[in-house]
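Trainee: Protein chains in written order, with numbering that gives the first Met the number 0: chain A, 0 to 324; chain B, 0 to 393.
Bear in mind the hints are in silico, worked out from the structure with no lab data behind them. Among the clues, some could well be false.
What the hints assert, rightly or not - Just a few of them, taken from the derived set where beta-carbon distance is under 10 angstroms, the chain B residues facing chain A:
#, residue
1, Ser18
2, Ser77
3, Leu133
4, Asn178
5, Glu191
6, Leu266
7, Glu269
8, Glu270
9, Leu281
10, His284
11, Met356
Treat the numbers as computed from the prediction; the structure is a model and nothing was measured. By construction, the Cβ of each residue, glycine as well, lies at the ideal position given by its N, Cα and C atoms.
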Amino acid sequence: MAKMNMLQAINNALDLAMAKDDGVVCFGEDVGHFGGVFRATSKLQEKYGKARCFNTPLTEQGIAGFANGMAAQGMKPVAEIQFADYIFPAFDQIVNETAKFRYRSGNEFNVGGLVFRTPYGGGIAGGHYHSQSPEAYFAHTPGLKIVVPRDPAQAKGLLLAAINCPDPVIFFEPKKLYRASVGEVSEEYYEIPLGKAEVLQQGKDVTVLAWGAQMEIIQKAVDMAQAEGISCEVIDLRSIQPWDVDTVAESVMKTGRLVINHEAPLTGGFAAEIASTIQKKCFLHLESPIERVCGLDIPYPLALEKEYVPDHLKTYEAIKRSVNF
Amino acid sequence: MTNPNNATISTVHTAEFTSGHALQIPTLRILQDDGSLYPGAEAPQLDKATALKMYDSMQFIRILDERMLAAQRQGRISFYMQCLGEEAATVGSAAALDDKDMIMAQYREQGALRYRGFSLEQFMNQLFSNEKDLGKGRQMPVHYGSKDIYYMTISSPLGTQIPQASGYAYAQKLRGLKNTTICYFGEGAASEGDFHAGLNMAAVHKAPVIFFCRNNGYAISTPANEQFKGDGIACRGVGYGMKAIRVDGADILAVYKATQMARDYALEHEEPILIESIAYRLGAHSSSDDPSGYRSKEEEELWRKNDPISRFRLWLVKQGWLDEEADKAKSDALRQEILDALKVAEKVAKPGIEHLMSDVYETPIPLLNEQLEELKAHIRKYPDAYPVTAGRFE
Chain A
0 MAKMNMLQAI NNALDLAMAK DDGVVCFGED VGHFGGVFRA TSKLQEKYGK ARCFNTPLTE
60 QGIAGFANGM AAQGMKPVAE IQFADYIFPA FDQIVNETAK FRYRSGNEFN VGGLVFRTPY
120 GGGIAGGHYH SQSPEAYFAH TPGLKIVVPR DPAQAKGLLL AAINCPDPVI FFEPKKLYRA
180 SVGEVSEEYY EIPLGKAEVL QQGKDVTVLA WGAQMEIIQK AVDMAQAEGI SCEVIDLRSI
240 QPWDVDTVAE SVMKTGRLVI NHEAPLTGGF AAEIASTIQK KCFLHLESPI ERVCGLDIPY
300 PLALEKEYVP DHLKTYEAIK RSVNF
Chain B
0 MTNPNNATIS TVHTAEFTSG HALQIPTLRI LQDDGSLYPG AEAPQLDKAT ALKMYDSMQF
60 IRILDERMLA AQRQGRISFY MQCLGEEAAT VGSAAALDDK DMIMAQYREQ GALRYRGFSL
120 EQFMNQLFSN EKDLGKGRQM PVHYGSKDIY YMTISSPLGT QIPQASGYAY AQKLRGLKNT
180 TICYFGEGAA SEGDFHAGLN MAAVHKAPVI FFCRNNGYAI STPANEQFKG DGIACRGVGY
240 GMKAIRVDGA DILAVYKATQ MARDYALEHE EPILIESIAY RLGAHSSSDD PSGYRSKEEE
300 ELWRKNDPIS RFRLWLVKQG WLDEEADKAK SDALRQEILD ALKVAEKVAK PGIEHLMSDV
360 YETPIPLLNE QLEELKAHIR KYPDAYPVTA GRFE
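Next comes chain B alone, as it looks inside the complex:
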């Protein structure tokens, strides 16, 4: 029975609290560490081409991360964020979507971006904030975005994409599109007010959005047990009146399966749905962070054994879809390709001075034109002080 308070009424006559841990959601695991399936588990429908594309994306970002973190350490880029340990979560989920489903990411989802087809050159141009960067060199490294491949440009403030994803998906529904929106965020961002606002809006207004929480154990230095109480994030979806599932985020088959089901459900029922992926952020939060200050090497080692890429590789080999030797040669070639692209992007010029003022408004307001002219006059007077732009305008 329901009442106007939208709460189910059943009656008791002795006072008893329901525990904050009453709802425990199990974790879906399909693939074992050795590449075999758990007894009774069933692999999702996955053709060879898709599976290999997923594997390629994982391999690509693993090498990209390793190479670009090194580049940051060499002072060639100012900042970097790895997704080590979470490759399966973002690649597996992106692979289960339609190419025109919108992706609203947080900042550690280069796997989804790669799967969608963001090219190596595009990665590099953004990381080096050069004039070919789609974002015109305005944001820090890893703030990717591309309209062509339905990947909303990243914003640094945490969780702001969550209510936006609800709105985007609601608009897709109103437009009659058979597409959904996936919204990624960390378990830390689930503490922001925007999380509550976004989930509640989506639930009440029946927006077909897939909320994908990457619960990776740490928000910078703060462990999940200082971030929230209760049974993780999945149970909150239930609290907001939506379906939820928890998956092993290092098990790409489980992630793929759950996302496929979530997408079907969201579109069929025009409802939001929540996936909580449990993995571990093996690297630092960012290149500015040092996890040795807040967690032990032993803890990291324990999770290192849980490598999502090797697990998937073993499964692919068992399928007869992957040759380990050819795979090794391919990863060496990829490493070289990335290095070459880095050297090219690094030499491309920074955006021109007119891009300081463009896009603030659709058409620059008069004051901006005035400020640009003043700035140009100033730079002409002191060209040595502004080497990036001096000499590059009339």
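Extracted from the complex, chain A is given alone in its bound form:
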């Protein structure tokens, strides 16, 4: 085991994947010699050469289309989109092409092995063009897998699983945790299965659910609630598509209550999908309405970021509302 921050863990995963399979290539804006603006690809060009780790011109649609082509040929491109806010020029290539490659060709062709890595989320004083969480747009598109790690060990295991996945994966990295989240990470190759949630804490009164950077926020809220005698079950969803309905449903059948937290705006956010499914699966077990603690229905602001964010206090209030309904 070694102490790594999230960037080091991602770098380590890419290093292992490139060493293991010469079909794995990394590219994107500033990804080559510079190692990416956040340095997730540091030293990879030195180690594996310019053909396998390289800078691209500034064109997200070009990056995505290029990745589609490489993956269709059988390689495993790990393409970086510098900020998730800039994934939208690539939207057509991802949503219409990446997602439907296998389906539209009757499985004649596919882009399995393709991973789009992209830093998402706020907390860095970035305003609305450096803080968005665009996961829900992609969750609406069948054919994509969507993964969001919460810490270094998870980032490494989930990324290795994504690279090894026969379907294309969008890997959203919580950039505010890149350097802030540090933990013990095995230096060996290991994978964490996609589509499987993790129950971090057992509890009996209420299930509290989030993913990625919001995990530390709900944990803080849960600690406040526990101090008042409320027993919380804490779940990290880890994958948004596919998402682990069974684990969540099982937990809610036990606790009878659910609080979902995400940073993206409320309306049309993935919490709505979870709430709807769990309401159907667990209707007779629910003791109170499912609570959603999400971003406001506005673009992510700069000066009033604190007010926008679904923070621990808003989550704590939702837990109490849920329990005291």
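Knowing the structure of chain A, use the given hints to seat chain B on it.
Mentor: Showing chain B alone in chain A's frame:
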């Protein structure tokens, strides 16, 4: 002869490729480093007042950049972008325009903004995202904009302004306005799909837009030779069927002259035109970047000698329009003025909580009003956690 494919047909009978470097566009240079003109070069028509206003704008942003980068390093603002080395490109081009020509910039064009008359206070209010910021504190520092001075508010995603500029200029033409639109972007942004879309639309629909590419050598860490092949960006304009010119972006007389001609041509012929300015981004991409990781000090030093401001200053002195001693005193005074304005803007309150919800739609939709009320109730309960807004609403 033309055919329906819009291609000129001339015939050959042996197969031969045209090289990707076949078209080489020369660079216009008028002003030499010592402030004299190149032999045979002719200075553009430039009166003393305009020339001094150009010089003032360059000097202003040089000092503003230096001061605000320091402020970022002190943690007083979250982010900053300098335009060191490119002052002539943006000031020179803006000066050649009419005050009502629209400016659609990328993010390193504070020179054009200053020339248009954006005040020191307005710069500071935006940089500190306070309640006097025209953008209401919603965007990162350097995302300026002002309707009054025809400067479209900056958007971070790269190149999105390019097709918008085509549309804006086309609408100016349809409205019968004798104004043009200038669209700034870097050579990196010229890789985006929006660049192709924007130039092609403008060419086909004859929009009087001036595309101004600031080719400054680097897109963050990526050098131009990893960004594109062929002879720079100017030749692409030719490929899209428009006129193009390449200028030394550190030579303000060349930039001014080229832009003046481009404006006249765009309006007279109702056509787009492309200017490629060749300069060098002497500073980092932004305050979050460190160029020592991807280029040498020697390379930077080489370009430092190419300073656009000193070159112009020497020319102004030769004209008898500038006194070097008075100029020095003025720049010291400006430094103090900027520092004073910074201290004022820093103390102005952040925008009020109602500005979270305003402007998302013209009138807030019911859901937003509901969310605002819920948020207020929450803040009343935990005022200490939201010090910026707590206590500032009924």
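Trainee: Indicate, hint by hint, whether the structure satisfies it.
Mentor: Now for the hints, and whether the structure bears them out:
1. With its C-beta approaching chain A no nearer than about 21 angstroms, serine 18(B) sits outside the 10 angstroms limit, and its interface hint is violated.
2. A hinted interface residue such as serine 77(B) counts as satisfied when its beta carbon comes closer than 10 angstroms to some beta carbon of chain A; here the least separation is about 4 angstroms, so the hint holds.
3. Given the 10 angstroms rule on beta carbons, the hint for leucine 133(B) is violated: about 13 angstroms separates it from the nearest Cβ of chain A.
4. With 10 angstroms as the threshold, the beta carbon of asparagine 178(B) stays out of range of chain A, its nearest partner Cβ sitting at about 29 angstroms, so the hint is violated.
5. For the restraint placing glutamate 191(B) at the interface with chain A, the shortest Cβ-Cβ distance is roughly 5 angstroms, inside the 10 angstroms limit, so the hint holds.
6. Evaluation of the leucine 266(B) hint against chain A yields a violated restraint, the C-beta minimum of about 31 angstroms exceeding 10 angstroms.
7. Because the smallest distance between the Cβ of glutamate 269(B) and any Cβ of chain A comes to about 29 angstroms, over 10 angstroms, the interface hint for this residue is violated.
8. With a least beta-carbon distance of about 26 angstroms to chain A, the hint placing glutamate 270(B) at the interface is violated under the 10 angstroms criterion.
9. For leucine 281(B), the interface hint is violated, the least distance from its beta-carbon to any beta-carbon of chain A being 18 angstroms, above 10 angstroms.
10. The beta carbon of histidine 284(B) is positioned within 10 angstroms of a beta carbon in chain A (closest approach about 9 angstroms), and the interface hint is therefore held.
11. Against a cut-off of 10 angstroms between C-beta atoms, the interface hint on methionine 356(B) holds, since the closest Cβ of chain A lies about 6 angstroms away.
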